[in-house]
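Number of protein chains: 2
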Amino acid sequence: MTYDLVVIGAGPGGFDAAVAGAGYGLKVALVEKDVLGGTCVNRGCIPTKLWLGATSAIEELHNQSKMKVASGEVNVDFTALQARVQKHLVGTRKAMGMQLKKLGVDLLEGIGRLAGKGKISVENEDGTQEVDYKNLVVATGSKPIFFPGLEPDGECVLDSDMFLSMDSMPSSLIVVGAGFIGLEMAQAAHRFGAKVTVVDAMDRVAPLEDPEVSKALRSVFKRWKWDIKLEERVSGVRTVDGKAVLTLESGEQIEADKALVAVGRGPVTQGIGLEEAGIEMQFNQIQVDENLMAAKNIYAIGDANGQMQLAHAAAHQAHYVASRIAGKTDAPYESGPIPSVLYGAPEVMRVGLMQNEAFLTDMDCEVSKVQLAANPMAQAHAATQGFVKVVWSGGKVVGVTAVGHEVSRLATTSTMIVQQGWTAEDIYKTIFPHPSLDESLLMALKADRQKVEG
Amino acid sequence: MTYDLVVIGAGPGGFDAAVAGAGYGLKVALVEKDVLGGTCVNRGCIPTKLWLGATSAIEELHNQSKMKVASGEVNVDFTALQARVQKHLVGTRKAMGMQLKKLGVDLLEGIGRLAGKGKISVENEDGTQEVDYKNLVVATGSKPIFFPGLEPDGECVLDSDMFLSMDSMPSSLIVVGAGFIGLEMAQAAHRFGAKVTVVDAMDRVAPLEDPEVSKALRSVFKRWKWDIKLEERVSGVRTVDGKAVLTLESGEQIEADKALVAVGRGPVTQGIGLEEAGIEMQFNQIQVDENLMAAKNIYAIGDANGQMQLAHAAAHQAHYVASRIAGKTDAPYESGPIPSVLYGAPEVMRVGLMQNEAFLTDMDCEVSKVQLAANPMAQAHAATQGFVKVVWSGGKVVGVTAVGHEVSRLATTSTMIVQQGWTAEDIYKTIFPHPSLDESLLMALKADRQKVEG
Chain A
176 MTYDLVVIGA GPGGFDAAVA GAGYGLKVAL VEKDVLGGTC VNRGCIPTKL
226 WLGATSAIEE LHNQSKMKVA SGEVNVDFTA LQARVQKHLV GTRKAMGMQL
276 KKLGVDLLEG IGRLAGKGKI SVENEDGTQE VDYKNLVVAT GSKPIFFPGL
326 EPDGECVLDS DMFLSMDSMP SSLIVVGAGF IGLEMAQAAH RFGAKVTVVD
376 AMDRVAPLED PEVSKALRSV FKRWKWDIKL EERVSGVRTV DGKAVLTLES
426 GEQIEADKAL VAVGRGPVTQ GIGLEEAGIE MQFNQIQVDE NLMAAKNIYA
476 IGDANGQMQL AHAAAHQAHY VASRIAGKTD APYESGPIPS VLYGAPEVMR
526 VGLMQNEAFL TDMDCEVSKV QLAANPMAQA HAATQGFVKV VWSGGKVVGV
576 TAVGHEVSRL ATTSTMIVQQ GWTAEDIYKT IFPHPSLDES LLMALKADRQ
626 KVEG
Chain B
176 MTYDLVVIGA GPGGFDAAVA GAGYGLKVAL VEKDVLGGTC VNRGCIPTKL
226 WLGATSAIEE LHNQSKMKVA SGEVNVDFTA LQARVQKHLV GTRKAMGMQL
276 KKLGVDLLEG IGRLAGKGKI SVENEDGTQE VDYKNLVVAT GSKPIFFPGL
326 EPDGECVLDS DMFLSMDSMP SSLIVVGAGF IGLEMAQAAH RFGAKVTVVD
376 AMDRVAPLED PEVSKALRSV FKRWKWDIKL EERVSGVRTV DGKAVLTLES
426 GEQIEADKAL VAVGRGPVTQ GIGLEEAGIE MQFNQIQVDE NLMAAKNIYA
476 IGDANGQMQL AHAAAHQAHY VASRIAGKTD APYESGPIPS VLYGAPEVMR
526 VGLMQNEAFL TDMDCEVSKV QLAANPMAQA HAATQGFVKV VWSGGKVVGV
576 TAVGHEVSRL ATTSTMIVQQ GWTAEDIYKT IFPHPSLDES LLMALKADRQ
626 KVEG
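Quick mapping for you: the protein sequence lines, in order, are chains A and B. Heads up, the first sequence is in the numbering used here, so the first residue is 176 and it goes up one at a time. Heads up, the second sequence is in the numbering used here, so the first residue is 176 and it goes up one at a time.
Hints were generated in silico from the structure; no laboratory data involved. Any given hint might turn out to be false.
Chain copies aren't distinguished; within one or between two, either way the pair holds.
[Unchecked claim] In the DSSO-like style, the derived pairs of lysine-lysine whose C-alpha atoms are separated by at most 30 angstroms in a straight line are:
id, residue 1, residue 2
1, Lys404, Lys262
2, Lys418, Lys241
3, Lys390, Lys292
4, Lys626, Lys277
5, Lys471, Lys544
6, Lys370, Lys241
7, Lys571, Lys277
In isolation and in its complexed conformation, chain A is listed as follows (with noise of 0.2 angstroms):
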């Protein structure tokens, strides 16, 4: 039996490879060595989506109280919860698993691994089977990765994995890492009543968002009376009697329940016998070309390829190479601007060019910003701190980011502006509905611009 396509990772990249290759009339075969979803569905975006979500109440309930317009109490059951999360991926990963039988893609458990020209292996308990493809699809998505000293026990210093299956939600923590996996998760911890301390080498929260982005959620995490320490370096931290301890090059010790290591992640490209078929790699990044490819008939997607850690880019990668496999286009891979969303409150979103980047890039460059607090959608949420930012270039919207209460809701409409390079006639076309915090943007778009200096 020869597939069509195999795909190796059933994360957002892969299972989306294989359902699209499907849906083009390929035979198609699934490889996947623990449960259909990746790291996404099981154990990053959607766990942590559904803690925010089940929390959401305990941080209205707060806004709304310091207005003095609400009181009471929210408890949520961390255990209850849980299983809640429990059963909802369960349910997930049933209907995938349903929606590729009814495709006829085959589902292969297992590990895959290249196993000569046009051949994979596939090892599972009960033995290892070989399987024929005419193309590959590697989509093997990425895990945590640590600094020396960093690494979790699994005791009380724990990696995101550890942390999202965890039975009890500590009453302090500290995170090392103030990216957004960090953040989402230190947010989670807090609307649960946990002392967060979170700890970076970087000057500022966030360092992947713009700079003023990083100080308006440091403000709000400061209100929150958060110990955020900037510019300091771990030296390590273990588990000592039953408590996480964390030590500072400085030589300052910080002592919590739990730590959560969140520095980064890293491909999961070992091993399976990339470098033998004379795959290039860089820091364990498959490296393609700009169709995607790895090698002849080879593709690589999503994290795995290391171009962008997100989902959703992923799965347009996927998209792009079963359409190619099919034979639909032969032109190069575009992504279009990607955006990225920090989920919470305050969220974050970005997409483009952000004004920073512009700088750097020597592009001519100009922002328009709004602050939220003029949005009647977040004075009805009494959530008024944070801003929308445009960055324009050459007359064009070329980026923007955004702080502040449900920013998310600017993601898409930002995402298409920025990929039509919207100019300031275009404004005036499109109708935002009143009241919406979408208007947020409008009025971003329609405000004064500043010329960016060098």
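Please arrange chain B on chain A, whose structure you already have, making use of the hints.
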């Protein structure tokens, strides 16, 4: 002193026309008989959103409680909320006033009336002044209308203005009219614990929406134990012994603490000299040509021309007439698709042509649809009832509607998609963030299409 532009009415249409005109360098006067902001700011969209925002924790808690994930109690202090609404409105009006001042727009307080060619009079308690204009924009808005027997008495029978100014929330409420205004206010009352009865002469709630949306809404309201009386005509409602007593044509009587009559709104266009100036009216709506002109140099925008009773439609018309008067365009007015949103939980959004409307126009039409239950963000908020439906014609998207958790998020993106007439190809060009409620729209766009049968 002759103004380039005089605007009567400082609601979303008139205010924006004045601001846009001044932005174009015109000398502008804005005439307002009451306060800045009109119905939307003072007696409509904004106070309702503050009510819904302040009570959203109640809904969130309710949903998570049903899943046995959360428990507790949220109490919203209606008196404190009403004080906050007033404070917000004062702040909004003050900001609007400052904006006018900064732009050099003269605010003339009083009743504006047409007073012969190129002249209006402005009457207030200090007397009457005459003002000359080169161009006039009539943006006098709308007010609640009533059928005989349904007139509010200000005691227990209220219109929406009175309802929003109440000192306390009634413990039982009859809403006459199941349109957006009545349904948003009923939702707020429901969250405060009021027993709600809704009466409408039509055979469904939200009768301007897709019939499936009406059905989904009704099913949610029924679960909340609302008494929904459809195809019922009201012969009268009045205050009897401190209660609102409503009599149906069937003879049945219903009693509640208050009755809200929200059967529609009609233009405020009488007694200000419009007919005398030769302006044509139909049902009090000012008739305008394709340039929104009612007579030479006289424009009518917003609720006053009756084309679309939505603040953002008025604001869009305002921008057009200002740019026309400033000589920036001589093209006829084109609104593009206009989104509408019902806020609350569930929400409703709609833009473009609906399935039932397409059928009526004999258009060749298909629909694609997904349930919200498949969306992880709806799952995270334990609010999975609802759907997203896309209407296609000639291979292009011509309409989108949705009902359920936070579907207002889809409104702006959907407006752009309908405006741009997306085909199947376009769906894969833009990356939607994952996870997001927006993906339910993406899934609906990708879903199998069903031909609409006649």
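Hints, verified against the model:
1. Lys404 - Lys262: neither (37 angstroms within a copy, 38 angstroms between copies)
2. Lys418 - Lys241: Cα proximity of Lys418 and Lys241: none, with 34 angstroms in one copy and 35 angstroms across.
3. Lys390 - Lys292: For Lys390 and Lys292, neither the intra-copy (52 angstroms) nor the inter-copy (57 angstroms) Cα distance is at most 30 angstroms.
4. Lys626 - Lys277: between (55 angstroms within a copy, 22 angstroms between copies)
5. Lys471 - Lys544: neither (47 angstroms within a copy, 39 angstroms between copies)
6. Lys370 - Lys241: Answer is both: 20 angstroms inside a copy and 29 angstroms across each meet the 30 angstroms cutoff.
7. Lys571 - Lys277: Answer is between: at 28 angstroms across copies they meet the 30 angstroms cutoff, but 45 angstroms inside does not.
Checked against the numbered hints given earlier, the structure breaks hints 1, 2, 3 and 5 and satisfies all the rest.
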